[in-house]
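J.: Residue-level listing of the chains:
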Amino acid sequence: MDPILRVENLHLSFHGIQAIAGVGFDLSLHEIFGIIGPNGAGKTSVLNCINGFYRPQRGRIVFDGTEISHAPPHVRAQRGIARTFQNIALYPGMTVRDNIMTGRVIRMRSGVLACGIYAGPAEREHVHNRRLVEEIIDFLEIEGVRDHRVADLAYGIQKKVELGRALAMDPRLLVLDEPMAGMSMDEKADMARYVLELKEVRHLPMILIEHDMGVVMDLCDRIMVMDYGRKIAEGLPAEIQRNPDVIKAYIGAAVVA
Amino acid sequence: MGQAVLERSAPARPAPIDLPYGRDTLPKLLRHNAGTHGDRTAFREKDLGIWQRITWRDYYEHAREFGLGLRELGFHREDVLAVIGDNRPELFYAAMGAQAVGGRSYGLYQDSLTDQLVQLLNFAEARFVFCEDQEQADKILDALPLLPRVERIIVEDWRGMWRYRHPKLISFAEVQRLGRERHGADGTLFDTMLDAGRPGDVAIFCQTSGTTALPKLAMLTHRNLIAQGLSFHVGEPHIGAGDEFVSYLPFAWIGEQMIATSLHQLVGFTVNFPEEPDTAQRDFREIAPHFTFAPARIYEGLHTAVTVRILDAGWLRRRVYDWALGVGGRTVERRADGKAVPWWWRVQRWIAHWLVFRPLLDKIGFTEMRVAWNGGSPLGPDYFKFFHSLGVNLKQIYGQTEMAGISCVHRDGAVHFWTMGYPIANTELRVTDDGEIISRSPALFQGYFKNPEATGKTLRDGWLYSGDYGTLDPTGDVIMFDRMSDVITLAGGARMSPWVVEAMLKFTPYVQEAMVVCAPDGASLAAILNIEMRSVGKWAEDRRIAYTSYADLSQKSQVLDLLEGVVRDVNVRVRPEWRLRRFLSLYKEFHPDDDELTRTRKLRRGFINERYRDLIAALTSGAGAYGAVFTVRYEDGRTAQVRTTMQIRDI
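Protein chains in written order, with the working numbering: chain V, 142 to 398; chain W, 256 to 906.
None of these hints come from the bench; they were simulated from the model.
These numbers were taken from a predicted model, which means no experiment stands behind them.
Possibly wrong hints are sitting among the right ones.
To be verified - Derived pair list, reagent style BS3-like, types lysine-lysine, alpha-carbon separation capped at 30 Å: (1) W:Lys301 - V:Lys340; (2) W:Lys843 - V:Lys329; (3) W:Lys618 - W:Lys301; (4) W:Lys857 - W:Lys640; (5) W:Lys843 - W:Lys811; (6) W:Lys618 - W:Lys423; (7) W:Lys811 - W:Lys857; (8) W:Lys301 - V:Lys329; (9) V:Lys329 - V:Lys340; (10) V:Lys340 - W:Lys423; (11) W:Lys594 - W:Lys640; (12) W:Lys712 - W:Lys857.
Throw the hints in and build the complete structure from the sequences for me.
T.: Written out as structure tokens, the structure is:
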């Protein structure tokens, strides 16, 4: 089967600092792909290249058979690449429902005028979108805070809302940057449940950066390890745990010797 | 019953209520309702953020499909369907469906721990279990090796269930599909089964707060439940088809069964279901129901919530609130004395209503409330005065699960804060020489399932022995002092009822729960207090007192000073011999998971006396502190040892 996403030989540098040096991987459908590595290894830079925030100097990104290496971020979003951010990037003054609704904007067809009049197709579209948003709220079990301002919510719930907004985009690939950072045990367990259900029930492929090794090893089907902008290993979770290069990158050489 | 000295109520012996054929069981009533007003709204459920209405016809059809589906799976007459979960229409479809094919429904408290569920399910010999969602299904699946009788686990909300592959699991939708097919093949089967139902068939098992080893499952028949609803409605005839009710208290509680099943089938108001437990408060406010029935803990919680918010408000608002509450309180007292309220008081009351009470009632969803009943356990007079000052018609309901929930209720215009209300229609009530309240009515239960010993103690010569110590008030109302077993005999021989003092302690926003104990010689009284985390936490923050947890906060010396003030205030208001001499602040809250409270949040004194025997001994002797190691059970079932020292304060 063709991969849904192919990243080939990615190179990215900022004024002489090599952030990514020749990273490449394939992601197949129905797969959760983990990227791990020490801080500054270039993990988030890879994600930023995938969804178009960064323009790599060299390399190719192919999504669902189409090369998107030069497409701007909003085009990639329209094609179905949705992501969440390491530092929550929601609209703090808006409600949870409205925040998730913003995920629908790229799928809306009605123009400003039609929406302003709110009749006919625009109304039907709004009702449809509202229903999708409410289904996401139901899925994430955040009914109780639906009308709350995001700024007033606990961190763990904001993370859920961010996932909700990404889901509202009807993604065909979900890119999650540290979805469980700063969460309590319960919240992590919830998030893990959502991720697994998205994979099993909605067959949504995912790329995931996470520092909680327990989570990564349990959730991911395959893992890529990065260090200093390079890929140092790729494989099944069990293989990664045994890989001496990985251990070295994480804990240092002395322990391995 | 020659020994009965006091007696109250109209008929010498309750006449059996004649139920019209075709309406003599709850499922038949449902069919009747679906036939005569099938398009009217029976339920309303919030789904995806929008209230969706469900008609009586929908209700009936769902119950039919589920009932026939159950039968296809091998559910027979007199089988038990255990029902566990948060309130949703599907719980009612399931219960009605099971009863329609001759079975019994048995609601279990959804917050029960796994081992409690195992004991109860095995005892009830339940072969079929209805779980509302994955959370409940997980509990049952985990314990399945211990539940040999369980044949089918029916799960309503299939979300998160995709990875479960167990032969005993089946979805609610699938059961309904089986029933639909069956109905398609044989359209008269369901009616035949329904008509086979007799009013004397046991409809529900209802769990009572038993403290003994054997569970006490009261068996109530269709006749019991319907008679209860009819008798109750005589005293509250204003409840009508156009009314709104919110169902958010446990399905397993007799109060919820009474209102949301029996009275609902008889009167036909709309039962509304919140979206999720954590949206219940908001949904309650959106609906603004016309009546509500809740245990004391809910009213205590509302009072605390309001008081804490006012403590948080600015100086001006606090002053206005205090003024308004004063005006309300004076008016209530004046009316209670039977005197006319002067016109200038009424003007003030009117201003207080629009300025303070109405906005406040709006916040708690009480603006349309015609009557709020308190049941399960009595509520202190202070709370009654508070709610009546706000203009809420709060009334006490007294009754036992064994009597289908209700035997007395306050009459309108005669709400005496110190009584439990007046016997409802067809209900006879007496007080024995020992001071025990006994009663009988057509709603009297059939005994406890598989527990003849307890049945024999409670059910004697057709009378229900409540175990409550009480008397009859000159007004005709019933007064209950306390449980017979809980009444304290003081050194002088006088009897003392701990809950009176406890209710006064709990009325302050800082005390969540209180238990009064007595020295073995009856010489002095002491109290174990639970602080209210929200208000005391706020109080501590305002005074820059740092704390980490409940256990830590509860032992701060400043907090003990605060509690000492509370106890002193109460001491001033009670008789001298009822004054508390000592108290301590417990390091943890009493909790149903630790068996210290019932699921409706009543103190289980026997158990607490046992568990905290040494602590109570220290409290009632002269010790100045008590150091203890306790075993704490967390919500996930784990246990841990806690070591702590509690200071005992002398007053």
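J.: Each hint should be assessed against the structure and marked as holding or not.
T.: Consistency of the hints with the structure:
Between the alpha carbons of W:Lys301 and V:Lys340 the distance comes to roughly 28 Å, so the proposed pair stays at or under 30 Å and holds. Distance check on the hinted pair: W:Lys843 and V:Lys329 sit about 27 Å apart at the alpha-carbon level, within 30 Å; holds. As the CA atoms of W:Lys618 and W:Lys301 are separated by approximately 20 Å, the hinted pair is consistent with the 30 Å bound. This hinted pair checks out: W:Lys857 and W:Lys640 have alpha carbons roughly 22 Å apart, not beyond 30 Å.
The hinted pair formed by W:Lys843 and W:Lys811 meets the criterion: a straight-line CA distance of about 13 Å does not exceed 30 Å. The suggested pairing of W:Lys618 with W:Lys423 is violated, with an alpha-carbon distance near 45 Å, which exceeds 30 Å. Only pairs whose Cα atoms come within 30 Å are accepted, and W:Lys811 paired with W:Lys857 is accepted, the gap being roughly 27 Å. Our distance criterion of 30 Å between C-alpha atoms is met by W:Lys301 and V:Lys329, whose separation comes to about 28 Å.
This hinted pair checks out: V:Lys329 and V:Lys340 have alpha carbons roughly 17 Å apart, not beyond 30 Å. Simply put, V:Lys340 and W:Lys423 have alpha-carbon atoms about 26 Å apart, close enough for the 30 Å limit, and the pair holds. Between W:Lys594 and W:Lys640, the direct Cα distance comes to roughly 17 Å. Compliance with the 30 Å bound is thereby established for this hinted pair. A distance of roughly 22 Å separates the Cα atoms of W:Lys712 and W:Lys857; the hinted pair therefore holds under the 30 Å criterion.
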